[in-house]
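Asks: Read off the chains here:
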Amino acid sequence: AQKITQTQPGMFVQEKEAVTLDCTYDTSDQSYGLFWYKQPSSGEMIFLIYQGSYDEQNATEGRYSLNFQKARKSANLVISASQLGDSAMYFCAAGSLDSARQLTFGSGTQLTVLP
Amino acid sequence: NAGVTQTPKFRVLKTGQSMTLLCAQDMNHEYMYWYRQDPGMGLRLIHYSVGEGTTAKGEVPDGYNVSRLKKQNFLLGLESAAPSQTSVYFCASIKDGTDTEAFFGQGTRLTVV
Numbered sequence: 001a002q003k004i005t006q007t008q009p010g011m012f013v014q015e016k017e018a019v020t021l022d023c024t025y026d027t028s029d030q031s032y033g034l035f036w037y038k039q040p041s042s043g044e045m046i047f048l049i050y051q052g053s054y055d056e057q058n059a060t061e062g063r064y065s066l067n068f069q070k071a072r073k074s075a076n077l078v079i080s081a082s083q084l085g086d087s088a089m090y091f092c093a094a095g096s097l098d099s100a101r102q103l104t105f106g107s108g109t110q111l112t113v114l115p
Numbered sequence: 001n002a003g004v005t006q007t008p009k010f011r012v013l014k015t016g017q018s019m020t021l022l023c024a025q026d027m028n029h030e031y032m033y034w035y036r037q038d039p040g041m042g043l044r045l046i047h048y049s050v051g052e053g054t055t056a057k058g059e060v061p062d063g064y065n066v067s068r069l070k071k072q073n074f075l076l077g078l079e080s081a082a083p084s085q086t087s088v089y090f091c092a093s094i095k096d097g098t099d100t101e102a103f104f105g106q107g108t109r110l111t112v113v
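In order, the protein sequence lines correspond to chains A and B.
Okay, so the first sequence: first residue is 1 according to this note's numbering, each after it adds one.
Okay, so the second sequence: first residue is 1 according to this note's numbering, each after it adds one.
Note that these hints are calculated values from the structure, not bench results.
This structure is a prediction, so every number in the text was calculated from the model and none was measured.
Any given hint might turn out to be false.
Said to hold, decoys possible - Beyond 10 angstroms from chain B on every Cβ pair, some chain A residues (computed):
| hint | residue |
| --- | --- |
| 1 | GLN8 |
| 2 | MET11 |
| 3 | GLN14 |
| 4 | GLU17 |
| 5 | THR20 |
| 6 | ALA100 |
| 7 | THR104 |
| 8 | SER107 |
Stated by the list, open to error - Below are the DSS-like pairs computed for lysine-lysine, each with C-alpha atoms no more than 30 angstroms apart in a straight line:
| hint | chain 1 | residue 1 | chain 2 | residue 2 |
| --- | --- | --- | --- | --- |
| 9 | B | LYS95 | A | LYS70 |
| 10 | B | LYS70 | B | LYS95 |
| 11 | B | LYS9 | B | LYS70 |
| 12 | B | LYS57 | B | LYS70 |
| 13 | B | LYS57 | B | LYS9 |
| 14 | B | LYS14 | B | LYS57 |
| 15 | A | LYS16 | A | LYS70 |
| 16 | A | LYS3 | A | LYS73 |
| 17 | B | LYS57 | A | LYS3 |
| 18 | B | LYS57 | A | LYS73 |
| 19 | B | LYS95 | A | LYS73 |
| 20 | A | LYS3 | B | LYS14 |
| 21 | B | LYS9 | B | LYS71 |
| 22 | A | LYS3 | A | LYS70 |
| 23 | B | LYS95 | B | LYS71 |
C-beta atoms are modelled at their ideal positions from N, C-alpha and C, and glycine is treated no differently.
Using the sequences provided together with the hints, build the complete structure.
Replies: Following this line, the structure appears as structure tokens:
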């Protein structure tokens with residue numbers, strides 16, 4: 001089982017600047033994955049980025065990167081060059097890679113990008 | 001491709017009524033999931049299935065039943081709806097145990113009055 005903690009209920013960032021969304025996790029699994037999802041006001045869940053527990057390099061997908069610090073059990077999302085369209089709720093999630101891949105989600109961070 | 005489709009998108013139920021939410025995926029995925037999302041909280045797992053004919057309980061299964069008679073469909077049933085089941089319900093699917101990316105449906109907003 002996993003537990004995900006997102007301590008920032010809301011964040012503001014100026015357009016074109018970078019922002020880091022925090023995520024810490026607790027798991028007893030040896031093999032697990034960490035995920036970030038974006039949920040805009042329209043409600044759909046959009047997959048952003050994935051990091052496996054055995055991956056040595058931090059994952060990157062375009063403007064998104066995952067700052068994975070295994071010893072500290074953190075998986076922070078970094079968004080570079082923020083855009084107005086990045087305003088949304090962001091969820092961190094974790095799942096065991098040894099079972100049915102079900103995900104445990106954090107409570108989310110509402111990001112607002114200011115013009 | 002349609003991906004993951006949930007039916008209906010919105011529904012209002014009276015306390016005690018029953019209903020079934022349908023999740024259909026056209027990607028030939030083995031694993032399917034039902035989550036609920038309440039205000040101020042992340043998604044929580046209700047039930048899941050790792051293949052046709054199999055189901056298992058998640059974190060919050062009480063008051064719900066599921067069936068996976070066909071690989072492409074995963075049904076979530078509420079036998080006697082309660083106001084506490086007012087929520088947004090999401091279905092998701094994953095190709096199989098070797099894959100990582102979950103594809104989500106658009107969500108069903110259910111209100112129980």
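Asks: Are any of the numbered hints broken by this structure? If so, which, sorted upward?
Replies: Violated hints (numbers, rising): 6, 7, 8, 20; every other hint is consistent with the structure.
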